[in-house]
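Those protein sequence lines, which keep their order, are chains S and L.
For the first sequence, counting from 1, position 7 maps to 7 in our numbering; every step adds exactly one.
For the second sequence, counting from 1, position 266 maps to 266 in our numbering; every step adds exactly one.
Watch out, some of these pointers could steer you wrong.
[What the hints assert, rightly or not] With a straight-line Cα cutoff of 30 Å, these simulated DSS-like cross-link-like pairs (lysine-lysine) come out:
#1 L/82 with L/363
#2 L/191 with L/83
#3 L/297 with L/82
#4 L/201 with L/152
#5 L/370 with L/82
#6 L/249 with L/191
#7 L/363 with L/83
#8 S/158 with L/82
#9 L/249 with L/83
#10 L/83 with S/158
#11 L/370 with S/158
#12 L/297 with S/158
[Stated by the list, open to error] One side only, chain S facing chain L, incomplete, derived with CB under 7 Å:
#13 63
#14 148
#15 150
#16 154
#17 179
#18 181
#19 213
#20 217
#21 251
#22 262
#23 265
#24 277
#25 278
#26 279
Since the hints were derived computationally from the structure, they do not count as laboratory data.
From the three backbone atoms N, C-alpha and C, an ideal C-beta is built for every residue, glycine too.
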Amino acid sequence: MTTVDEATAPALDAPGREPGGRWRRFRSRLTPYVVIFPGGLWLVIFFLLPMIFMLSLSTQQGSVVDGYSQVWDFGTYSRAFSNYHDQLIRSLEYGLISTVLQIVIAYPIAYWLAFRAGTRKSLYLFLLLLPFFVSFVLRTQSWNFMLADNGFILSWLKSPSIFGWHLPFHLGQSFHVLATTPAVIGGLTYNYLPFMILPIYVALERVDPRLIEASYDLYATKFRAFRKVIFPLSLPGVFAGVVITFVPVSSDYVNAHILGGTNNSMIGNVIQNQYLIVQNYPTASALSFILMAVLLIGVFAYARALGTEEVLEVAAR
Amino acid sequence: MSQIPQDPALFRGMTQRRLGRRSMLKASAAGAAVMGLAACGVKGKAKAPATQAPDQVAAFWKDKSQHGHVNFANWPLYMDPKKPELAQFTKDTGTTVTYSEVINDLPTFFAKIQPQLSAHQSIGYDIMVITNGQQFKDCVDLGFLAPLDHSKMPNYTANVAPKYTKEAYDPGNVYSVPWASGITGIGYNPKYVTTAPTSIKDLADPKYKGKVGMFSDTEEIGVFALLVVGANPETSTPADWQRAADWLKAQRDAGIVRKYYDQDYASALANGDIWLCMAWSGDIFQENLSTPGANLKFQIPSEGGTLWTDNFTIPITADNPVDAMNLINFFYQPAIQASLTEYINYITPVPAAQAIIQSDAQKATNPDDKATLEALATSNLVFPQPADYANLHYYRTFANTTERQQYNDIFDPIVTS
Numbered sequence: 001m002t003t004v005d006e007a008t009a010p011a012l013d014a015p016g017r018e019p020g021g022r023w024r025r026f027r028s029r030l031t032p033y034v035v036i037f038p039g040g041l042w043l044v045i046f047f048l049l050p051m052i053f054m055l056s057l058s059t060q061q062g063s064v065v066d067g068y069s070q071v072w073d074f075g076t077y078s079r080a081f082s083n084y085h086d087q088l089i090r091s092l093e094y095g096l097i098s099t100v101l102q103i104v105i106a107y108p109i110a111y112w113l114a115f116r117a118g119t120r121k122s123l124y125l126f127l128l129l130l131p132f133f134v135s136f137v138l139r140t141q142s143w144n145f146m147l148a149d150n151g152f153i154l155s156w157l158k159s160p161s162i163f164g165w166h167l168p169f170h171l172g173q174s175f176h177v178l179a180t181t182p183a184v185i186g187g188l189t190y191n192y193l194p195f196m197i198l199p200i201y202v203a204l205e206r207v208d209p210r211l212i213e214a215s216y217d218l219y220a221t222k223f224r225a226f227r228k229v230i231f232p233l234s235l236p237g238v239f240a241g242v243v244i245t246f247v248p249v250s251s252d253y254v255n256a257h258i259l260g261g262t263n264n265s266m267i268g269n270v271i272q273n274q275y276l277i278v279q280n281y282p283t284a285s286a287l288s289f290i291l292m293a294v295l296l297i298g299v300f301a302y303a304r305a306l307g308t309e310e311v312l313e314v315a316a317r
Numbered sequence: 001m002s003q004i005p006q007d008p009a010l011f012r013g014m015t016q017r018r019l020g021r022r023s024m025l026k027a028s029a030a031g032a033a034v035m036g037l038a039a040c041g042v043k044g045k046a047k048a049p050a051t052q053a054p055d056q057v058a059a060f061w062k063d064k065s066q067h068g069h070v071n072f073a074n075w076p077l078y079m080d081p082k083k084p085e086l087a088q089f090t091k092d093t094g095t096t097v098t099y100s101e102v103i104n105d106l107p108t109f110f111a112k113i114q115p116q117l118s119a120h121q122s123i124g125y126d127i128m129v130i131t132n133g134q135q136f137k138d139c140v141d142l143g144f145l146a147p148l149d150h151s152k153m154p155n156y157t158a159n160v161a162p163k164y165t166k167e168a169y170d171p172g173n174v175y176s177v178p179w180a181s182g183i184t185g186i187g188y189n190p191k192y193v194t195t196a197p198t199s200i201k202d203l204a205d206p207k208y209k210g211k212v213g214m215f216s217d218t219e220e221i222g223v224f225a226l227l228v229v230g231a232n233p234e235t236s237t238p239a240d241w242q243r244a245a246d247w248l249k250a251q252r253d254a255g256i257v258r259k260y261y262d263q264d265y266a267s268a269l270a271n272g273d274i275w276l277c278m279a280w281s282g283d284i285f286q287e288n289l290s291t292p293g294a295n296l297k298f299q300i301p302s303e304g305g306t307l308w309t310d311n312f313t314i315p316i317t318a319d320n321p322v323d324a325m326n327l328i329n330f331f332y333q334p335a336i337q338a339s340l341t342e343y344i345n346y347i348t349p350v351p352a353a354q355a356i357i358q359s360d361a362q363k364a365t366n367p368d369d370k371a372t373l374e375a376l377a378t379s380n381l382v383f384p385q386p387a388d389y390a391n392l393h394y395y396r397t398f399a400n401t402t403e404r405q406q407y408n409d410i411f412d413p414i415v416t417s
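Bound conformation, chain S alone (with noise of 0.2 Å):
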């Protein structure tokens, strides 16, 4: 931070100061540079200088206790992606099905929020976000208690009666929800949720009430003025929120542990076994990359479908 205060403070200053100095122009354009210089460093320290590390890693071999020696194996990636690329394609799939449910799940509580909720909206915001003060392995937890095959949902729904009353209806004994593709999408979707509603809402509530009202002066019905109003202005929330739930989604490997069984792993289930059981680092870098290469594929094809020219800068807003 003193950096950045030492950095600006002359460029702020400069219209007391002597004009014209050489040294005056060559601080102020070293400004900018000296401003992100922070972030920067952040990045090459956290960001760059382990990502080369892992892409010198992946093509490595070894082991823990032969060592690894850089040999330049680009087999690993062939290898790792034939081996699991079920994994691989699945977590697209959860990801997008996922991205989908939240989407439709999200927008009529933004549109709600934005301009149904009155002046309790920010409690209704508080609200919304409220669960996700617990932790995220907890919230996901407690979901393994309550879909529980004799838990207190499914017991109630496998009982032939209730209270004395019969049912006309109810589940088989071996009927279960966790260890699904259900509960699996679900708990992704439950957990990334608000991620989804935020950007939406910021969108909406950034529509100018006047376009609305000029639509209805044209005699605009109500659902028109959502279709060629109010929606296509929003449309950058719903991008920004897809782009930030999208990737997380995929990668995700907390949910496919806890609420998923057999043929429900995620590629991050992949990768965090092979780092940390295994042991095998060239694999699990080699797969970091893979993954990393087609979410970038994904979110760039998506936002040249869209005809976004500017992908990063509509998601950063």
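With chain S fixed as given, assemble chain L onto it according to the hints.
What follows is chain L alone, placed relative to chain S:
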């Protein structure tokens, strides 16, 4: 001491098994292990004849002295929380003990200590309990373990079951002596499983579709699958691994396996999420004790089960190795082993503990305690008979990392499906 077969003790299994018990065992037969000690060779694989190498022992111990304190790293739930044995040790010898339950799974623990040990720095522990798995072998190969001075542990020499002096992962107990052993078998909930499972094949019975739990650990699941396809896990070939993996894949793809578990299977078994599963003997006993109404059962399948041993080891850089040896020696008294076994319910390496548990049972005044102790003293899972041992197998050990990797490449895609 009723019948003490040649190897008496049996165990019960550890309490919480952790994530990864990589195994190792059965080092390549005869010439295996040994003496990698010195330094931290990365090149590794030191080899020398197994049993003692007296000069290595002498070289390590000659300038070591007693300090009156020892730091002990162990797994969680592996000793009575009140630590009566450690209090007794301090009373007897004046040596204080810092007991840390820091080992939750071996791959992670190994990853943590490996850089320090490679740099020949102290890791802050004088004793660590390591399972006879892959990490044990790595520690030996990398020279991370101090050779034990058998002259400092007369109780061990006097009381240990002969079986434990010949284990292939450390013949002659050069680097390790057992803390406790356990068995991997089938755990089931009789509330849902009415006919007791007898075979590993029961874990693939379509009537239990979606209700079967398997271990995610590749060494564990590999042994079971190799047994069911008729291969001997210890001498299995890559072709056997492939057949075993195919069996597991068929079991999984038929929707029978609900999930591959690491540690959280016992509660799932108790609450009915799964009906039967691969399980560690001691977990089942503990779950029954800790969950009211749980009446889980444990069965060693007819094809065989897996025997693993957790071992006392002293890191080569230990600050207080002499005190560590004294503590190990202390734990080899039959009375201390009996007290430990009564709490953890795993197999003790000291057969004489059985008679003490029996006499404790007779002395017990509370009928519940009495029944529990009697069951313990006569349990084949805690005091296995020779015939039981004949049916128990070890994890596959690998001659080199290529082989290990090949094994993992076959089984890992099964469990991370």
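Interface hint outcome for residue 217 of chain S [beta carbon to chain L under 7 Å]: It is violated, given that the least Cβ distance between residue 217 of chain S and chain L is near 59 Å, above 7 Å.
Straight-line Cα separation of residue 370 of chain L and residue 82 of chain L no greater than 30 Å? With a Cα-Cα distance of about 21 Å, the restraint between residue 370 of chain L and residue 82 of chain L holds, given a limit of 30 Å.
Run the distance test for residue 249 of chain L versus residue 191 of chain L: straight-line Cα separation, threshold 30 Å. The given pair, whose Cα atoms are some 28 Å apart, holds under the 30 Å limit.
Checking hints one by one. Is residue 279 of chain S an interface residue toward chain L, by the C-beta closer than 7 Å rule? holds (6 Å)
Residue 251 of chain S as an interface hint toward chain L, with CB separation required under 7 Å: The hint is violated - residue 251 of chain S has no Cβ within 7 Å of chain L, the shortest such distance being about 15 Å.
Is the shortest C-beta separation between residue 63 of chain S and chain L less than 7 Å? holds (4 Å)
Restraint status (C-alpha distance of residue 297 of chain L to residue 158 of chain S at most 30 Å): holds (26 Å)
Given the hinted pair residue 83 of chain L and residue 158 of chain S, is their alpha-carbon gap at most 30 Å? Between residue 83 of chain L and residue 158 of chain S the Cα gap is close to 45 Å, so the pair fails against 30 Å, i.e. violated.
Does residue 262 of chain S meet its interface restraint, that is, does its C-beta lie within less than 7 Å of any C-beta in chain L? Interface hint status for residue 262 of chain S: holds (5 Å vs cutoff 7 Å).
With chain L as the partner, please determine if residue 278 of chain S meets the hint condition of a C-beta pair closer than 7 Å. holds (5 Å)
Within a Cα-Cα threshold of 30 Å, do residue 249 of chain L and residue 83 of chain L meet the stated pairing? violated (44 Å)
Within a Cα-Cα threshold of 30 Å, do residue 370 of chain L and residue 158 of chain S meet the stated pairing? Violated - the C-alpha atoms of residue 158 of chain S and residue 370 of chain L are around 40 Å apart, more than 30 Å.
Checked against the numbered hints listed earlier, the structure breaks hints 2, 4, 8, 9, 10, 11, 16, 18, 19, 20 and 21; every other hint is satisfied.
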